[in-house]
Amino acid sequence: MNSQPTPTSQRAPRILPGRGAWSLFSLVVLLLSAAWIWLSADPEGATTGGMIPAPRPGFLAPDFSLPDTEGNLTTLSDLRGQAVLVNLWASWCTPCQAEMPAMQRVYEEYKDQGFTILAVNATQQDSQAAAAQFALEKGLTFPILFDMDGSVARSYQMTALPSSFFILPDGTINEVIIGGPMAEALLRVRIEQLLEER
Amino acid sequence: MLPILQIGPLAIQTPGLILLLGLWLALSLSERAASHSGLNPNQLYNLVLLGLLGGVVGARLGYVLRYPEAFAASPASILSPNPGLLDAWGGTAGALLLGLIYGQRKGLQLRPTLDALTPGLAMLGVAVGFSHLASGAAFGSPTSLPWGIELWGAIRHPAQVYEIIAASLILLLFTPNGKIAWHLRTLAPGLNFWGFIALSALSRLIMEAWRGDSEIILGGVRVAQLAAWLVLALSLWAIGRLLFQSGSTILETEG
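The listed protein sequences derive, respectively, from chains A and B. Sequence positions in the first sequence follow this note's numbering and run 3 to 200. Sequence positions in the second sequence follow this note's numbering and run 453 to 707.
Coverage of chain A stretches by chain B, computed from C-beta distances (three or more under 8 Å per stretch; other residues unrestricted):
no.: 1; stretch: 20 to 27
no.: 2; stretch: 57 to 70
no.: 3; stretch: 177 to 188
Computed list of chain A residues with no C-beta within reach of chain B, every gap over 12 Å:
no.: 4; residue: D114
no.: 5; residue: S129
no.: 6; residue: M150
no.: 7; residue: R200
If you're looking for bench data, these hints aren't it; they were derived computationally from the structure. Model, not experiment: these values are computed from the prediction. Just so it is clear, CB atoms sit at the ideal spot from N, CA and C, and this is done for glycine as well.
Excised from the complex, chain A in its bound form (with noise of 0.2 Å):
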């Protein structure tokens, strides 16, 4: 693009000072801009440090306890020191199902790096028989959790199918994913964020 500016055809009235009066208003407005940074400075951190519970990046993942297909309790915060993808699914979903086999590759070449999926299936909208046979037909070898009173699709504000949840070894939340299929590009870039936390 050309950088010579426009001809004018009309000027402008004598409303600003030189240009002494515009290096001095500049340098106050910097300095009162450099003051309000140091004052706004927050030393406790500006951020919640990950100590409420809520579905969102930066905050403590919502913990759970869920049966599994064989009736195990799994708890969240029992994972803590691992990097865990919480995925809310169901399995009518047809985006839900289009991601599982590459969750499946990512699991199985994952695993044992500290990394474990745990796949909550919307019992409340699904039916456990139905989740059950789905996971056995794909070969899904990752935890299968029922959400039968769907208090965690409450707790994880749950909007829509799939969900899906990064969360640090330290058990806060590093990214949410809203819909689906997520890439299995995406899946190992994320993975190997989270462990580089470990």
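The hints should help you fit chain B onto chain A, whose structure is shown.
Relative to chain A, chain B alone:
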């Protein structure tokens, strides 16, 4: 907060919808501003669309280059519609590259073009504020003030509302038919753009103080405020340069 708009079986992501609407309004405003700056509105429209296209392609290419191993294991992911597979720097480079090529070919002048884009950018600022409100992003710090809102487990400053108010005021200042935009245009091409950048940086610098998601560095200083301070300094310098580049004649020739 309304992250998903459920219409029958369709679950529409409200923040994305708001940004699309904002983009459409931004284009309309910039087209109107283009005629005031002596530009062809159609060329400006094409410039923005090509910039967007370059931005999306560049963002995906940039991401692939950053994480080649992930895509080597899953090449089909290159064409995935996941917005999480985009790189901001690659997107910026792609948008600038395609925009500059088109601008050169059509002989678009840089400063009037930036001025024409300004009301559109201001409109996008408002749309981003509303998208933050819908998603709950860019949330405020905890407060006991009576206008605090409950969000993410605490009563917080309605930082998204502050953002919308500030962006709307800036938009009002730079509407294509407004007196301020006209005065700045007559003073020097490019002043509208740099004035917008300066005010946007100042507004971010001030309002970041009430954000609850600030990234902080040593001493509790908020990174976004430092970045905004630098942008403010750059824009004040650019404004001064535009005002005084041809001596003081621009300012002293009253008709």
